[in-house]
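Asker: Here is what each chain is made of, one letter per residue.
Number of protein chains: 2
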Amino acid sequence: MNDFIYHSPTKFVFGRGFVDRAGSEMAQLGFAKVLVVYGQGSVIRTGTLARVLASLDSAGIEYVEAGGARPNPEVSFVRDAIALARKSEVDAILAVGGGSTIDAAKAVSFGMPYEGDVWDFFAHKQPIGECLPLAVVLTIPAAGSEGSGSCVISNDAEHRKLGVSGDVFRPRLAIMDPELTFTLPPYQTAAGITDMIAHVCERYFSGVGAVPLTDSIACSIIRTLIDAAPKVLDNPKDYDARANIMWAGTLAHNDLAGCGRSLSPAVRAGGWESHALEHELSAHHTEIAHGAGLAVLLPAWMRHVWRNDPQRFLSFANDVFGIEPADDCEPHDEAVCDAVTAAIDELREFFVSMGMPSRLADFGIESHDIDPMLKTLLLNKGEPFGAFMPLTMDDARAIYESAL
Amino acid sequence: MNDFIYHSPTKFVFGRGFVDRAGSEMAQLGFAKVLVVYGQGSVIRTGTLARVLASLDSAGIEYVEAGGARPNPEVSFVRDAIALARKSEVDAILAVGGGSTIDAAKAVSFGMPYEGDVWDFFAHKQPIGECLPLAVVLTIPAAGSEGSGSCVISNDAEHRKLGVSGDVFRPRLAIMDPELTFTLPPYQTAAGITDMIAHVCERYFSGVGAVPLTDSIACSIIRTLIDAAPKVLDNPKDYDARANIMWAGTLAHNDLAGCGRSLSPAVRAGGWESHALEHELSAHHTEIAHGAGLAVLLPAWMRHVWRNDPQRFLSFANDVFGIEPADDCEPHDEAVCDAVTAAIDELREFFVSMGMPSRLADFGIESHDIDPMLKTLLLNKGEPFGAFMPLTMDDARAIYESAL
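Note that the protein sequences, when read in sequence, are chains A and B.
Whatever position you read off the first sequence (first residue = 1), add 138 for our numbering.
Whatever position you read off the second sequence (first residue = 1), add 138 for our numbering.
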């Protein structure tokens with residue numbers, strides 16, 4: 139159990155119809171005027187935004203709106219929202235949406251009090267100072283951003299998608315209403331579940347020895363998602379399955395699944411290799427959903443690196459899929475290889491069973507698309523990068539190529 | 139998944155030697171003068187208190203001391219500490235110890251700003267208002283009080299041991315240093331582990347249907363403890379085992395193991411039947427350690443109530459011990475009975491293997507001791523009480539008698 143700091147101060151208010159509590163919960167926190175940040179289309183079409191705004195009205199809370207946050211949210215949207223927040227002198231931000239909307243809102247929360255440009259935090263490691271308080275109404279369980287200290291923003295002009303980490307901008311409040319997810323399309327449901335599983339795997343394969351309690355909790359999260367996925371794809375209004383998925387998404391990324399697994403207590407567990415590879419994909423091809431990219435790249439990464447610690451992958455195979463090697467064997471035995479590759483295949487097949495792609499070609503990606511991604515990958519991550527097995531650009535190329 | 143509110147805002151700073159960070163962490167929170175609350179003997183003898191006070195000195199934080207908190211902390215100690223805190227005008231409280239010390243400190247934190255007597259909160263359900271901020275250096279993992287919204291205090295004059303719940307007095311900060319537990323005697327180690335398992339069980343058997351994610355996490359906590367216990371009893375300085383036990387103790391009681399399992403979002407999951415029965419034991423016989431009492435009464439309660447929901451106990455048997463009924467069977471089949479009683483026996487044998495008692499007679503309790511306990515049990519809980527199966531005083535008598 140390596141040293142760690144775990145600080146997940148968000149108040150989670152979780153229940154049927156709880157979207158209508160947004161106003162009263164915000165009022166309890168003492169907010170008088172908020173910037174409401176939201177996405178495009180579905181949050182309006184489903185009536186969710188209207189319900190949230192009505193609850194703010196009922197609670198006597200004034201608001202201004204910054205709508206139109208894109209999946210893979212872009213920095214220009216954030217800059218405009220910051221300007222509006224400053225002009226309107228809001229005292230808090232309320233994000234209504236999924237990870238993209240929440241991350242945009244997070245960037246506003248720490249960009250607003252900063253005199254420079256918000257992209258400085260992402261590109262130049264400007265330390266985050268003050269933050270405006272942030273609350274969330276979660277509509278798309280996927281990124282776990284409602285409870286995480288993570289924020290990822292794209293910069294189209296630079297073809298870069300970068301993240302910052304910090305406990306200070308974790309939301310104060312997250313309203314979690316599984317009924318809002320009944321209308322989530324199957325593809326987004328599946329991409330979200332993939333992202334959640336990846337969040338756990340990044341911490342599970344962090345290059346650190348076993349941590350029994352944390353590893354067990356991590357596998358609980360993954361098994362819960364694997365069990366719940368077919369239920370909601372079969373019956374989108376299965377409340378309990380939707381609810382377990384929603385909560386799993388939060389716990390997959392609030393650092394609970396990484397406690398004791400980081401190399402330094404101030405740093406999140408994991409080398410985040412799959413996410414680094416996927417960010418380049420989505421940065422250059424902004425229409426690719428993050429979870430869909432991970433469905434291809436997480437198994438590809440696993441196939442490339444497992445021999446660096448077969449025992450770790452055997453533990454994963456056993457705890458998640460109940461797969462065990464034929465009998466006691468040495469680390470380089472064929473039986474180990476079979477067990478590990480069986481587990482990686484089972485994970486990939488699970489993603490595919492949910493409708494996720496299995497190859498980069500499914501996105502129209504071809505081998506000539508790899509070089510631009512490697513170029514920005516090198517710029518963003520350096521070489522080598524990663525915690526489970528240090529990856530060079532040659533390794534990254536091999537992983538992308540194997541995934542084509 | 140029932141509606142729930144989950145708010146565990148404590149910052150956990152977990153690591154080797156982190157006891158020496160107490161001062162700097164308190165300084166980061168802006169505290170200038172604190173009341174240090176601690177117990178008796180071991181915290182001084184081990185040098186832990188001295189290290190904490192030295193770190194406060196290094197950080198320039200003034201302090202006054204309230205030492206002598208007893209296991210099963212008593213309200214007169216709390217009253218004296220409140221008087222000292224007021225006179226010294228402290229701005230925060232730092233508990234250095236285990237659950238007893240922390241609970242005493244919690245009572246000071248919400249008793250200090252209150253004009254009446256602190257026992258009002260326990261006996262007369264006075265709503266808790268303001269609280270002084272509270273921080274913890276944990277020395278005895280057991281009660282999970284470092285991360286919980288729970289506080290239990292005894293009143294010897296009234297032979298009562300009562301609890302209050304509230305998110306508002308959860309500690310701001312908990313310093314968790316497993317090395318401090320190397321010297322914890324085997325009996326206290328075992329009593330602590332028993333208390334942790336009971337905390338999970340109270341939520342697992344809360345009379346609510348299965349919640350896959352929460353149930354899986356709950357069983358992860360229990361299995362981790364069962365695996366780690368023999369390691370630390372064999373080698374008290376097994377850091378990783380001590381660390382997993384310490385973290386399991388926190389997660390067993392910060393409500394993570396009950397998310398979705400309560401009857402109302404503002405109320406903790408579970409009927410807390412075993413704890414209610416044990417509180418009477420410790421209230422009337424103040425030398426009995428809480429965990430040791432639970433080691434006897436939790437299995438006794440289980441044996442009394444399992445037929446009310448055999449399926450729930452079968453899930454427990456399977457997820458914790460890997461016990462399954464011989465084949466598919468009806469709820470009242472002998473095979474179910476065998477599987478459930480096997481699991482309850484295995485749990486009891488685990489407690490005994492750690493050196494915990496198996497019968498009330500091991501404490502010198504006899505049948506004539508039952509009536510006084512039932513009298514205050516009725517006063518404290520009413521009739522019937524509990525969530526898994528409503529218990530009358532006749533049920534309680536039967537459970538105590540079966541445990542003699």
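Among the hints, a few may not be true.
[To be verified] Counterexamples of contact, computed for chain A against chain B with all Cβ distances above 12 angstroms: (1) G153; (2) E200; (3) P265; (4) E296; (5) A312; (6) P323; (7) D378; (8) A381; (9) N382; (10) E462; (11) E521; (12) P528.
[Unchecked claim] A short, non-exhaustive set of chain B residues, derived as facing chain A with CB atoms under 7 angstroms: (13) K149; (14) S402; (15) A404.
Just so you know, these hints were derived from the structure itself, not from any lab.
Every residue gets a Cβ at the ideal spot worked out from N, C-alpha and C, and that includes glycine.
Asker: Hint by hint, note whether the structure agrees.
Answerer: Structure-based check of all given hints:
1. In this structure A/G153 is not separated from chain B by more than 12 angstroms, as the shortest Cβ-Cβ distance comes to only about 3 angstroms.
2. The beta carbon of A/E200 sits about 26 angstroms from the closest Cβ of chain B, which is more than 12 angstroms, so the claim that it is off the interface holds.
3. With 12 angstroms as the threshold on Cβ separation, the claim that A/P265 sits away from chain B holds: the shortest Cβ distance comes to roughly 15 angstroms.
4. Consistency note on A/E296: stated as away from chain B, and its beta-carbon is indeed over 12 angstroms from all of that chain's, at 35 angstroms minimum.
5. With a minimum CB-CB distance of about 9 angstroms to chain B, A/A312 fails to clear the 12 angstroms threshold, and the non-interface call is violated.
6. Distance check for A/P323 against chain B: the nearest CB is about 22 angstroms away, which clears 12 angstroms, and the non-interface claim stands.
7. A cut-off of 12 angstroms between C-beta atoms contradicts the statement that A/D378 is not in contact with chain B; the least separation is 5 angstroms.
8. Consistency note on A/A381: stated as away from chain B, yet its beta-carbon is not over 12 angstroms from all of that chain's, at 4 angstroms minimum.
9. Distance check on A/N382: its Cβ comes as close as 5 angstroms (rounded) to a Cβ of chain B, failing to clear the 12 angstroms threshold; non-interface status is violated.
10. Taking the minimum C-beta to C-beta distance to chain B, about 14 angstroms, the non-interface status of A/E462 holds against the 12 angstroms cut.
11. No Cβ of chain B comes within 12 angstroms of the Cβ of A/E521; the nearest lies about 31 angstroms off, and the non-interface call holds.
12. Listed as a non-interface residue, A/P528 keeps its Cβ farther than 12 angstroms from every Cβ of chain B; the least gap is roughly 25 angstroms.
13. With a cut of 7 angstroms, the hint placing B/K149 at the interface with chain A holds, because the nearest CB-to-CB distance is about 4 angstroms.
14. The beta carbon of B/S402 is not positioned within 7 angstroms of any beta carbon in chain A (closest approach about 10 angstroms), and the interface hint is therefore violated.
15. A least Cβ separation of about 10 angstroms between B/A404 and chain A goes past the 7 angstroms threshold, and the interface hint is therefore violated.
When held up to the earlier numbered hints, the structure conflicts with 1, 5, 7, 8, 9, 14 and 15 and fits the remainder.
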